[in-house]
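*Asks:* Chain by chain, the residues:
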Amino acid sequence: MNDPVRTGGDASDLELIAAWKAGSQQAATTLVERHAASLARFAVSCGAREEVEELVQDTFVRAFASLDGFRGESSFRTWLFTIERRLLLDRRRAERRRPARVELRDDSTVTGFSALDEMVAGEAEGRIRQAIGRLTPTQREVFVLRVTEGLSYKEIADAVGTTEGAARVHFHNALRSVKEWLDA
Amino acid sequence: MRDCNNVTMRERLPELLHGLLPETERAEVDAHVAACADCRAELALLRRIVDASPAPAVNVAAVAKRIPAHQPASWAARALRSTSLRAAAAVILLAGAVVVSQRGVRIDQPDTVVASAGVASTELSIGALAEISDSDLEALLDELTRLEPVTSTEPEIVVVPAVRGGTE
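Top to bottom, those sequences are chains A and B. In this text, residue positions in the first sequence follow my numbering: the first is 113, and each later residue adds one. In this text, residue positions in the second sequence follow my numbering: the first is 18, and each later residue adds one.
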């Protein structure tokens, strides 16, 4: 009797990757379901607006295209964030070369939400998004990955290309900055 | 808003928020938060930040549709991951770059042109080139294949190190 390949919600990421390599497209769908929201949230926090779904899609396509090179030293989720971050940086560089079509903003005022969104969301949430928008790009990446995704400093370091120590410093500087803005 | 002096407990608040702590640690941090107003305030702030960061809707089915079925790596792809073959490819690329740049060209014989690479061109170490990523190496190979081939009427180009008194 053959054990069925686990492709459902209780399978681990590595099990799903193995299942996809064995021919299960359902396994790929489960991985997308599991991680798409986190990737979308990270993209918005880094300033992406209308192209969020396209960015998430490109991230998954790139990830699956190079899964043979995924050695499992970091988690699959961390690896996805690494790929998405590189795609965001590439798009930012490309946008800088076309100043008339800038969609990603790298300055301190990026929030990913419009003024109308702020009104609808409420003043408190708006101030939180302003506080996060005022962080430096690196602080914002580290802060968002730590607070909204719960990544460890090791995972954050792998995703953004820094050290655990630096990630910890960035996080605490960011948290202090957010607290000072909200207390003001 | 003040920071709790217990750094160990503060560092665990994001994991507590996301339910990532083992049972015994969770109980320990929960007990500390119950007794520490500063950590309660910080945990509440972290929760508000998460609530203020909704994820835009993503069409999962459409994204999943774009993921192709797994294709086992081709011989070429496996070769690109081989360290020795990457080093060999890096040497070929360096030679190609020198030919294209045509630095310090001198003619030793009527039908032979010796291109001795300038210092700037040869400062790249083979070790550094062998460490370039798969995608960068593929891009460089792609560029090299787009170079126009040298016709048979062109003089033969031989690359030699820029060493005084050196011959081919």
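No wet-lab data here; the hints were simulated from the structure. Heads up, the beta-carbon is just placed ideally off N, CA and C, and yes, glycines get one too. There's no promise every hint is true.
Stated by the list, open to error - What the simulated footprint calls covered on chain B by chain A, stretch by stretch (three residues with Cβ under 8 angstroms from a Cβ of chain A suffice, anywhere in the stretch; the number is not a length):
id, region
1, 30 to 43
2, 62 to 72
3, 76 to 87
*Asks:* Each hint should be assessed against the structure and marked as holding or not.
*Replies:* Here's how the hints hold up against the structure:
As drawn, the region 30 to 43 of chain B meets chain A at 5 residues by the rule of a beta-carbon pair under 8 angstroms; at three or more, the given contact holds. A count of 10 residues in the region 62 to 72 of chain B with a Cβ less than 8 angstroms from any Cβ of chain A is obtained; the coverage claim is therefore met, three being the minimum. With a cut-off of 8 angstroms between beta carbons, the region 76 to 87 of chain B has 11 residues touching chain A; three or more are needed, and the interface restraint holds.
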